[in-house]
Amino acid sequence: MSKYDMLGWAKELFHIARSLTGDGVRETFRYFEEIHPEITRHVFATGTQVFDWTIPKEWKIRDAYVEHIETGARFAEFKQHNLHVLGYSAPIDQVMDKAELLPHIYTQEDQPDLIPYVTSYYSERWGFCMSHNAKAMLPEGAYRVVIDSDLFDGELIVGDAKIQGQLDREIMFSSYICHPSMANNELSGPVVSMALLKYIKEHYPNTRYSYRFVLVPETIGSITYMSENLADMQARVECGFNLSCVGDDRSFSHVQSRYANTIADKALEAALIGKENVKTYSFLHRGSDERQYGAPGIDMPLCGFCRTKYGEYPEYHTDADNFDVVTDAGLNGAFEVLRSIIDAFEIGLFPKVTVKGEPQLGKRELYPTISQKGTYSSINARMDFLAYADGTNTLFDIAKIIGVPLSIVLDEARLMAEHNLIQTSVTSQ
Amino acid sequence: MSKYDMLGWAKELFHIARSLTGDGVRETFRYFEEIHPEITRHVFATGTQVFDWTIPKEWKIRDAYVEHIETGARFAEFKQHNLHVLGYSAPIDQVMDKAELLPHIYTQEDQPDLIPYVTSYYSERWGFCMSHNAKAMLPEGAYRVVIDSDLFDGELIVGDAKIQGQLDREIMFSSYICHPSMANNELSGPVVSMALLKYIKEHYPNTRYSYRFVLVPETIGSITYMSENLADMQARVECGFNLSCVGDDRSFSHVQSRYANTIADKALEAALIGKENVKTYSFLHRGSDERQYGAPGIDMPLCGFCRTKYGEYPEYHTDADNFDVVTDAGLNGAFEVLRSIIDAFEIGLFPKVTVKGEPQLGKRELYPTISQKGTYSSINARMDFLAYADGTNTLFDIAKIIGVPLSIVLDEARLMAEHNLIQTSVTSQ
Amino acid sequence: MSKYDMLGWAKELFHIARSLTGDGVRETFRYFEEIHPEITRHVFATGTQVFDWTIPKEWKIRDAYVEHIETGARFAEFKQHNLHVLGYSAPIDQVMDKAELLPHIYTQEDQPDLIPYVTSYYSERWGFCMSHNAKAMLPEGAYRVVIDSDLFDGELIVGDAKIQGQLDREIMFSSYICHPSMANNELSGPVVSMALLKYIKEHYPNTRYSYRFVLVPETIGSITYMSENLADMQARVECGFNLSCVGDDRSFSHVQSRYANTIADKALEAALIGKENVKTYSFLHRGSDERQYGAPGIDMPLCGFCRTKYGEYPEYHTDADNFDVVTDAGLNGAFEVLRSIIDAFEIGLFPKVTVKGEPQLGKRELYPTISQKGTYSSINARMDFLAYADGTNTLFDIAKIIGVPLSIVLDEARLMAEHNLIQTSVTSQ
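Protein sequence lines, in the order shown, are assigned to chains B, U and W.
In terms of our numbering, the first sequence has 291 at position 269, counting the first letter as 1, and numbering is strictly consecutive.
In terms of our numbering, the second sequence has 205 at position 183, counting the first letter as 1, and numbering is strictly consecutive.
In terms of our numbering, the third sequence has 23 at position 1, counting the first letter as 1, and numbering is strictly consecutive.
Incorrect hints may appear among the rest.
A pair counts as met if it fits within one copy or between any two copies, since identical chains are not told apart.
Calculated lysine-lysine pairs in the DSSO-like style (CA-CA distance at most 30 angstroms, straight line) [unchecked claim]: (1) Lys-157 / Lys-395; (2) Lys-25 / Lys-220; (3) Lys-184 / Lys-220; (4) Lys-157 / Lys-25; (5) Lys-301 / Lys-422.
These are computed hints drawn from the structure, not numbers from a lab.
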């Protein structure tokens, strides 16, 4: 069982019809604000210029369906599943022939039983999403086509929660709140993010580092957020993660930063040592907001973290992305990876031994006192940790160099610090 | 069909009896000077010291054969094929037994039907080259051995053609004009080089970069040329290529610079992305004038370019190196590779995006407006180009990083520049 | 046959009962001091603090055995093999039941015929070492258990021999003199070390570099030595090797320094080019005094050298580590590797060609004067040596870059220097 009820949160949030903008976003923010009152919303009016982009109209969706005139049978009902409506669909209420309707129905031919998730944010269209099989079964004849939506001058909302630490240097987590009823992509990211915030508040009342948790609609949201905060972020953020699809229990994925050279990359690589089914993707395979955070001129030291990466699991962007995919074990696996990274920062990233040569561990009961071949193996991680705790390596570097899971490295760091055999620092020594 | 009639030029030049020095070199220069009047010859007298070397005697060759006294039958006739005489052979006119003649006949035992190309530039010898089978058939008896040549105090000629651009920074191409009747090694290099010069003059009336085209006899020629021009070259040359065996259509070969770290190496590597049968050879496998240009103390930023590398194709240094080997497609393949490199320099090597975050390509009709899984792939090259167009990468770097052929990268660079989404510069930004 | 009688020395030293301290160490020093009078002993009293460690009591061992009361039969007799007594065993003279004795008998279960080498330096115990099979055969009944040893306030001895060269920059060799009757681990290290010292004195009466040969008990000895000499060593030592298990003829092993980036690593890598069965171990597989020399805060530019590495051969730390394992060929193979490294330093590590472009080797009879395909191969090493003799590469670098054994590179360096085609220097040019 996870320390925090991430799965319960996700289930409560699942049925909200989120999009880039609109009441679904507001409702989602309200939910998290009850858990974390420090969340702050930032509101941008339709038409505002944000970097190269423009804040789009707000979208309100109340209902949508197609009704077969002859029989009264309804199909693609929004109230059955909110994926049935094309995201950002323009309103319509019109009778038309099936032939006229069909081009407006989007399906996923290679997964004929599933409803795909399709959007048209930046070009006004109307449309429905259905399983390919259901579309094939639509009866002949005329249809009444109803999308009860509004596209109007409204607002786009981004939010953040910040913890000021002893240092201004920041660790950042970003995820997004723009997807309708899909569990992994993307309720998993926000719930893991909000659980991490809870963990920090409970375990580190006075953090070394500062923390920033960002919740935004994808792409336009991160651009909007940065259009207001970029200078501050560039001055403070030292390590960041974009969380996407962190709820299934099939693999662990690292989407590298543009040059795969940030401390976030090192941290994640270290935190995944010893995990099963670890996959590393170069920035060429980016797809979520690491696209924006890692763009030239932005250059956040951030990488992407997923369990199974968006696009790499069959349920992605369909109605099958549900709680068969997202599990407690999946969410908790993601949580623990990121928690260990937070712990490493708070311990002090750079350990340095306090003695010259190897310390005499035997006198501290940290080393076997009898020497025979074969007796050394259990203590290798400790000796190797000390060998590379030379003040130039981070805990992440050490884990990688000595090939030991980060959690064990952190245990050794804590134990050696108790015996005054290392000192830790937030900078290279 | 190639843009320029490189194959026609090569065929007209084929029968000239070139060597390190002599009338064949002069005739070859005259031919290219008609195409490019800016070619300038530089003449060095026999005996002149050039770095560690000495300009050798000039060699004039009029005729050569061996005549079987008893039958009058002639063999190894220079007038049948100019490879029949050992390059730089001393004169002789003497009757001798077959046994005395045989040690002076060079053959290629592993290719018994072919006449090998053999030279003795720096040690005075006389000799003939024959196919191993023809040598075996020589009748018994006495022979009159005739080589009607002179070795005398004359001159060695090197040549260059220069284009002064807006910048003094130079791109250099070097090839050699010392081989007799062999098509790939080495008429291919000069004709491709001269076609590139034509291309630059026709397409870039006012070049950004300066260009230098060097035509020399191999080894002694490049040493001689540099003995006069080294300081100038070290001050100006930013990227250079030695062209050798660039006329067959079997593979593309990159002979790396001494440390494989010059911009020429990067350029060639990028220009060969997506080609079939690309081979990369370290400097340990050098063999043409990259030996001299890349020597310590010279250190030109230059690498070698071949289609199939000298020594790696069976016809190399034999009379089979003819127009069965060298084709229009072969020459043109080499031309296009080098043209794309010239284009990259002229576009401006360092592109930098003009907006923060990803640009909104959709509003410029450069991106699909509907989002469904599977629709992104065609646009990946564009997004990846923009992601790495951060002012620190050359167009060559970007091609390599994103794994896209240089020609496509150049197309994207031109398109993005049209939309003012990038600016290019000749220096890192 | 080796140049020096290393095998003879080792055989004479084999039966001495060495340990961390005691008369065995003194006797071993006396032996080497006869060969090399410049060896100097440094003595540290029990209880002295050395870095994080404390000099232990001195151990004197006179006899040890267990005697079956009923039959008078003796087992585990120290006088039969000095491995029979647990190293640093406390004295005992007591009658006890077999059941009480057994937990004090150490065996190697996976090698049931062999006596293991076991020690308890830093925790007072008494014990015996026997083959597992012999232990199983011990008759039932009472035993008189005798270990005639003393643990008393005495001294620990370390020693060194130094040669002052023209430069203060030092090459260091360290090995250890604390193991009882085992041939490879560790008489091989000291005898190879002492042969190298002999070689230097005989061949280089006026060395360029300074040399330091260190003989210490393992771990505590190197720590003790450095506690007195660290500042001097850090100022002078440029390259060092810890010698351990250098006497068998099965493989060559390189135990890399902490970051595998010292000149010692490069030197050893170069010297092993072309050898059979070369193994490279990262610092994570360290085990001898490279642990101390390479610890943070010490940071000696030193790596470990073995033939077959400690722990990797079956006879290691048992009575089977004898002169079936250690051979003349084995010792000499190690000697030659290290001798070639010494030669490289004394030649001058950085060669630089004296001419621009390739030198004209033909006029010096260093290059074939006739050019035909296939004739170049024998000369490749020479041309490649010259190409990389650019003043920035050490002889070690060049050997690695061109893939040629160090000994051949040294031959070329000497030949090219004779012809004034290179100059060598002890620094990058």
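Hint check, failures only: Those not satisfied come down to hint 4.
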